[in-house]
Amino acid sequence: MAELKTKATDVSVEDFLARIEDESVRADCQKLVRMMKKITRAEPKLWGTSIVGFGVYRYQYASGRSGEWLRVGFAPRKRDLTLYIMPGFDKYGDLMARLGKHKTGKSCLYLKRLADVDTKVLEELVRESVAHMKATYG
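To convert, take the position in the sequence shown, counting from 1, and add 36; that gives the working numbering.
Keep in mind that a hint or two might mislead.
In the DSS-like style, the derived pairs of lysine-lysine whose C-alpha atoms are separated by at most 30 Å in a straight line are [what the hints assert, rightly or not]:
#1 148 <-> 114
#2 156 <-> 74
#3 156 <-> 41
#4 41 <-> 81
Just so you know, these hints were derived from the structure itself, not from any lab.
Because the structure is a prediction, the values reported are computed rather than measured.
Modelling step: build the complete structure from the supplied sequences, incorporating the hints.
This is the structure:
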């Protein structure tokens, strides 16, 4: 059975964020750290080389494969800020309609910059996502 390659590390999130060259991206990331830390009450951890995650949940598939992953997090990517909203977006239609300019994947929310979205709605989305993960996975 293949093992998940991206895991929590001991690399400093603060150092990782300080290396982001684009000042506006770095500022957005620092805002996301404050928001997610407040909501999760968890310290940020660097997962792999570029994902800032908050909290952990353990999962096990019917196949027997299991692992650990972050409850919520983000990564500054070349084109977008990618937020990891683990339950996906099906339950959050109203919030998504009010969020502002964004794109989604299965569990990924893609933003060009925080200024493109209503941060109060984003905070509510993160809060509801974290509550769902806690209720589902403990």
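Given the proposed pairing of residue 156 with residue 41, does the C-alpha separation stay at or below 30 Å?
33 Å, violated
Hey, residue 156 versus residue 74, does the alpha-carbon distance stay inside 30 Å?
The hint holds at about 13 Å.
Agreement of residue 148 and residue 114 with the hint, judged by alpha carbon distance not exceeding 30 Å
10 Å, holds
Quickly compare the C-alpha distance for residue 41 and residue 81 to 30 Å and report which way the hint goes.
Given that 30 Å is the threshold and the Cα spacing comes to 15 Å, the pair holds.
The structure fails to meet hint 3 from the earlier list, while all remaining hints are met.
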